[in-house]
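J.: One letter stands for each residue in the lines below.
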Amino acid sequence: MSVSREEVLRIAQLAELDVDEEALPTLAEQMSRILDYVAQLSAVPANGTVKVFVPGPDAIRFRNDEVVPSQLEFGPKEFAPDFKEGFFVVPKLGQFE
Amino acid sequence: MSDAKAVADRLVKAKRLNALLTPPKELRKSLNTQSAEARPTGVLYGMPVAVKDNICTLEFTTTCGSRILEGYRSPYEATAVAKLKAAGALIAGKTNCDEFAMGSSTEHSAYGRVIHPLDKARVPGGSSGGSAALVGAGAVPAALGSETGGSVRQPAAFCGVVGIKPTYGRVSRYGLVAFGSSLDQIGVFGRSVHDAARVLSVISGRDPRDSTCEDRDPLRLPTVPESLQGFVVGLPKEYFPPELDPAVRRACDRAIRMMKELGAAVREVSLPHTPYAVPTYYVIAPAEASSNLARYDGVRYGPRFNGAADLRSLYRSTRGQGFGPEVRRRILIGTYVLSSGYYDAYYRRAQQMRALIAQDFRNVFDRGVDLLFTPTVPSPAFKAGEKLADPIAMYMSDIFTVTANLAGLPAISLPIGRVKGLPIGGQLIGQAFLEDEMIEAAYALERVVPATDEA
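Heads up: the sequence lines are chains A and B, in that order.
The first sequence begins at 1 in the working numbering and counts up one residue at a time.
The second sequence begins at 1 in the working numbering and counts up one residue at a time.
For reference, chain B alone in the conformation it holds in the complex (with noise of 0.2 angstroms):
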């Protein structure tokens, strides 16, 4: 097994990155109790995994990048790291991450910006860009993030490692604290796509505490074959519009052709709906968000922020200093296509338009294709502050990625080769609860394409 001071070198070593929330006496502290209590049978034993500070630990602080859970301890752990711990994983701290999980760079965070790791004038991605920077930088070879729109697979693409969203209902999200529900997943990050698939294999399958979980065994893990012969990948075209970066283009062309070499059937595909994903996603979320976030009040967690007369302006005062401008953006917009006169016009045209993208990719599959692959996000890491002023831009960021958040699927993205020296990642979308099928079709990417090559 890992040493727990070994452990915790590597992690406080990665500092300047700015991506772990623990203090480092407190995090060398924890990890020597966990590495002395940890289950040398269990199949992670002694693996470091480190955990977005939006899933409720029993170890460390739980804030969400938010000043409204600032030192909020949570008095239960989430089920996935319940089990990570069962298997003898070291809880190995929090992670820096946009507040509840809002954002596309890890710059909505009230903690600080976290920093690429290859980069330290761009952002790592987000809103799990803690985790991603810290399995990019070496640190760990495995994390916890969470996504609702693409905030696992959007930073591994940006700082080069593996991310997986499972299908939504395969991993429990009991102790998760919840941002979109009818979206939100734990997805996992690894150095590889076995470190992935292994730790997402562990937090897997059903969980009493969480209804939205499906009653199925955990996920088994495939074996790493020899070819794609047999396997139908589908392009979709929306995917590849004109304007799509040409690097991009280029380790997305690579990619393909080795999936062929390999033996797999490639054929284009349409997925009509996808243009609107990303306005889908912008009312659905923030709809749910206003909704989840209204049990910040100060009343039941965290700090309470002074100068409140009465209980209604103790809710305002607290909730209006506690949330940072991008939470605060996305609650009045949820608030607003809720509200009477506007519900049919936003909600429910979503609502509609979210059953449209889903029946694409039924669509699709239903005609004999396996996987879809795509880019991950349409261009390499961006710098910070570059798009911190335009949401909508950010909100771009995600228009690869939040379909199958709608769709509930699960999807993968995995290095695919460099432009400039900055990640490209490439994303494989699979069928719901075919995880194994996407993840044997990752492995046998992984072996072939060069990761760290320029595109």
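So that you can see chain A by itself, here it is in the shape it has in the complex (with noise of 0.2 angstroms):
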């Protein structure tokens, strides 16, 4: 299983990730031995009536329907990047201008 940098590129955009140009020979190529290494699974035989395994309890427990309040001890202004009038400031969507 190889993966091509055409390949690292598309998964990168997918994952929202900007990869420098100069290092994506090495990261092809580290990704192609690691799903080279966890292929191995495929070699032991698919059982679909294996049940999923999920850690924890077994139902989701609910909370009582009450309001409790849970207070932060300093608001998103101080550990928002920008944070004006109650809003989270971002770059302007240029395109739709």
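In case anyone wonders, no lab produced these hints; they're calculated from the structure.
Mixed in with the good hints there might be a few duds.
Under the rule of at most 16 angstroms between Cα atoms (straight-line distance), these lysine to aspartate or glutamate pairs were calculated in the EDC-like manner [as the list claims (entries may be wrong)]:
1) B:Lys-383 - B:Asp-366
2) B:Lys-120 - B:Glu-386
3) B:Lys-15 - B:Glu-26
4) B:Lys-260 - B:Glu-226
5) A:Lys-51 - B:Asp-344
6) A:Lys-92 - B:Asp-310
Put the two chains together into one complex, using the hints given.
T.: Next up, the structure:
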């Protein structure tokens, strides 16, 4: 299984991730090796009857339907890159202007 | 109680390890305030506990060892941290770690690598390497880490300290920055089994803020047993392969002999799907990570990397520049295995394998085995840089630890000897929610095993 440069770029686009041009060959090579390595899972006969294992409680517990305030110590103004008048400020979507 | 200044002095003295991300001045100031406010009736009154930087605290920043969260201060704190404070413990700074807990050597931190406390050329293990190194250096008696595939037990083994990974659902994940949500658990480091276990007992128990946390009372600590009479300890043959480092094998053989002398019945068992655990993990964990890390986009948290003309390029440049190479690699692998056309071949197959691995453990425990004993890591701490260029070699460092995460089981690593001065860890894997039995056996083994003698 070999991952091409184009495939790395397509996946990077899906993941909303810029990838350096110089880093591409190494990345394609490493991804190919990792995917080859995990491909050994397909050597084991597939068994459609295996029930998926999920750790943790068997059923979702519901809380009582009561409003319990969970106060933040400080507001988004302090941890967001830009926050004005109750909104997160982002660059303009140029193409719609 | 310990004096805040003395606590800070010990931590600042360990500066050469690069294990602590909190600047000394801020640390001293906060410890003074905390120590004045600490509840004298708490069971951990005055005990300094360092906290891995992917666990949210109101004191100090929470960066996850990443540039993408540089300077980020959480507006709320993790349940585990709130419980520590309520018990009178002092939050003794934030510890360096592999970025978003992805790594096995703490070389993948945006804030520089962590140095092994006994050998500056070596790594402390990872991803909770900063916590392990500080406990190993005697700077704190205990620290919090987090586990997704062995990130507490593996560095505990490398640094010669005790590391506990609780059952999935024993400790609330509220405030633990998510990596692989079906695998993540907060774990504990201690200089001794007792130090680690009592911190674990404080942070465990139900939490209405985490629906994957079981509705159970906090863990009750067992007493130190006189013997291991009545314990059946299984030795899974897949964890003792012919290529195992001979010194690790000698240390394990010695520990096994001692457990027998303490009265434990020891028998060989088999967990046949073990060879598939690492590939299973490296499908499931990156898949969950690619989804969990989608939230870091330069809009809501941390710094925004500029040069972005529109929203799309803001996302891409922030994520491209904010994440380091290992995180980027895992996001790409995770996106790949979840993408259309590959989901069945990778992700579904890995989910099925995970179920078979969990079934292996149930089969062994159903046949009367109480605990399993294995080496924690196949070798002692490796040299910095040794495995950086080869991700798969790095991943193999987790080969004996990932199984407990995949199966959601509790496990503990404790020092069982040394090779050329470097610590070796032995691991006990317990049954779900039977941490008390596992800790009891660890107490007994810890008392007799010559942890700092050459194997």
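J.: Are the hints correct? Go through all of them and say.
T.: Hints and how they fare:
1. Proposed proximity of Lys-383 of chain B and Asp-366 of chain B is contradicted: the alpha carbons are some 41 angstroms apart, above 16 angstroms.
2. Between Lys-120 of chain B and Glu-386 of chain B the CA atoms are separated by roughly 14 angstroms; this keeps the pair inside 16 angstroms, and the hint holds.
3. Distance restraint check for Lys-15 of chain B and Glu-26 of chain B: the Cα-Cα separation of roughly 14 angstroms lies within the 16 angstroms cut-off, and the hinted pair is therefore satisfied.
4. Note on Lys-260 of chain B and Glu-226 of chain B: the hinted pairing holds, with a Cα-Cα distance of about 13 angstroms set against a maximum of 16 angstroms.
5. Pair hint Lys-51 of chain A plus Asp-344 of chain B holds up; C-alpha atoms about 15 angstroms apart against a cutoff of 16 angstroms.
6. Proposed proximity of Lys-92 of chain A and Asp-310 of chain B is supported: the alpha carbons are some 6 angstroms apart, at most 16 angstroms.
Hint 1 alone, counting from the list given before, is not met by this structure.
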